[in-house]
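K.L.:
Sequence:
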Amino acid sequence: MTPQSSLQFLHTFDYFNKLGFRSIAPDTLGYGMSDKPNQPLTIEEYASVLPQVLDHQDVDTISVIGHHTGASIACELAKSHPDRVDKLVLHGIPLYTQEERKERMNNLKVDLLPKEDGSHLLDYWNWIQSRVGDRATLESCQMSLLHVFLAGENEWFCHHAAFAYNLEKTLLELSQPCLAITNTGDPLHYIIPRVQSLREDFTYREIEGGSVFFIRDEPEKWVDCMSDFL
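Residue numbers 150 to 379, in the numbering used here, belong to the letters of the sequence shown in order.
Rather than coming from a laboratory, the hints here were simulated on the basis of the structure. There could be a bad hint or two in this list.
[Claimed, not checked] Pairs of lysine-lysine, DSSO-like flavour, derived with a Cα cap of 30 Å:
| # | residue 1 | residue 2 |
| --- | --- | --- |
| 1 | K370 | K258 |
| 2 | K318 | K236 |
| 3 | K370 | K264 |
| 4 | K228 | K251 |
| 5 | K251 | K318 |
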């Protein structure tokens with residue numbers, strides 16, 4: 150999910166730690182507290198900085214987890230640097246059709262300009278609520294709103310990268326074991342059959358309910374569904 154930061158995974162860290170895993174969750178460039186590019190980047194460029202993160206942390210190989218746009222970045226990292234990635238976990242895989250990509254590319258930008266009465270904040274809050282209803286916590290909805298306005302007028306950059314990226318080609322090239330997770334309340338849940346037809350060899354897990362904020366709202370359940378795979 151973009152625009153987000155490492156705070157999306159904040160509540161999962163303790164559960165991964167109990168399983169003996171070290172968690173490294175960098176912000177995507179332009180989001181959270183990371184540097185902000187002044188022009189749109191590609192998925193390849195977003196992925197290209199991650200080996201530097203691993204080097205800085207003295208880590209050779211990882212199991213990489215990606216959610217929505219992060220799933221595309223994870224796939225590109227695994228394809229471009231197969232020696233650094235031993236396993237993949239992808240949740241909400243944005244394997245859009247050409248028509249879906251074009252439609253989304255034409256509806257990228259959201260008006261975030263401040264208004265004197267603060268209605269820009271309420272408008273975005275209402276948009277989030279229209280997407281998740283009572284399937285997400287208010288805390289997660291607030292996190293999403295804050296991240297969007299923190300990213301500012303260029304918050305659409307990473308969505309642009311996701312819709313321009315040829316994820317199908319990359320999925321076909323992956324050699325690492327991959328777990329594909331979906332929750333039925335996720336807006337990308339409908340895409341899973343496409344992925345299954347493309348990669349029957351992947352492992353698939355479905356979780357009932359939730360929303361696009363499932364990771365933050367149900368961290369224990371989320372970590373548990375992948376623990377035996379990792």
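K.L.:
Going back to the hint list, which numbers does this structure go against?
P.N.:
1 and 3
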